[in-house]
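Participant: Build out the structure end to end from the sequences listed, making use of the hints.
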Amino acid sequence: LNNLGNTCFLNSAMQCMMHVAPLTRYFLSDRYSVDINTHNILGTGGKVAKAYSAVLRELWMGSHQYQNVSPTALKRAIELFAPQFSGASQQDSAELITYLLDALHEDLNRVKNPPYVEMPDVDLGRKLSISGAEAWQLSCLRNDSFVYDNFYGLYKSKCVCPLCNKVTVKFDPFNHITLEIPQQPLRHIAVLLIRDCAQTGPELPTKYCVSLPNTANIFSLKEKLSEVSGVSIERLCLCDVDFEKH
74 LNNLGNTCFL
84 NSAMQCMMHV
94 APLTRYFLSD
104 RYSVDINTHN
114 ILGTGGKVAK
124 AYSAVLRELW
134 MGSHQYQNVS
144 PTALKRAIEL
154 FAPQFSGASQ
164 QDSAELITYL
174 LDALHEDLNR
184 VKNPPYVEMP
194 DVDLGRKLSI
204 SGAEAWQLSC
214 LRNDSFVYDN
224 FYGLYKSKCV
234 CPLCNKVTVK
244 FDPFNHITLE
254 IPQQPLRHIA
264 VLLIRDCAQT
274 GPELPTKYCV
284 SLPNTANIFS
294 LKEKLSEVSG
304 VSIERLCLCD
314 VDFEKH
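Numbering (the numbering used here), first residue to last: 74 to 319.
Take these hints with a grain of salt, some might be off.
As the list claims (entries may be wrong) - Taking lysine-lysine and the BS3-like style, the derived pairs with C-alpha atoms no more than 30 Å apart in a straight line are:
1) K185 / K229
2) K185 / K123
3) K295 / K280
4) K120 / K185
5) K200 / K243
6) K229 / K239
7) K185 / K243
8) K231 / K243
9) K243 / K229
10) K239 / K280
11) K280 / K243
12) K185 / K148
13) K200 / K231
14) K148 / K120
15) K297 / K280
16) K148 / K200
Don't read these hints as lab results, they were simulated from the structure.
Facilitator: What follows is the structure in structure tokens.
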């Protein structure tokens, strides 16, 4: 995928979505075309869905085997209805995926005349699974698409009044979950130990790999190195060498 300015956010989003096999098969088989809803005021009249399909076909079925693909038409369709993604500046990939899933859902929503649906508060005296199933059924009265079936779910939200302590529970739809990237609790440091030849005689340097917490300091490194090498902390002198410059 070619960058259209500084649009690597668009390319990374496309790389994620194009490898969701059920969604890609749905578009490449042309099944999406019978679901296009041109009358949905919440959608784009099918413009985003058609542009997305064109990019998928070019990527997976085009004759460009060793050539790059420019998602120009898709970017223009997105810009037309979501101007926050216009221009050539950098944007957030997660925000684009959220918008793109929502736009595809509305473009392919099979419900032509959605009824008014009021999502009631959850009855705390009933099983949560039953209340959740009923909330999903009510949500599907207005939303029925391949994208909705495969990407959407319901959040359970709980609100407690600070004055009267009344508890209100509701279910709200979502199409993605934001997760924190897990951090490694330890870092591994390679150390090359060069011994004092005057004390031990000629000896080859020894390489150690020590594991320390991310919050460790230099003294912790010397303690660990002393433990694995047998050299007292008082005799250890540390220095940082950049081998790429030598």
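Participant: If you test the structure against every hint from before, which numbers come out violated?
Facilitator: 10, 11 and 16
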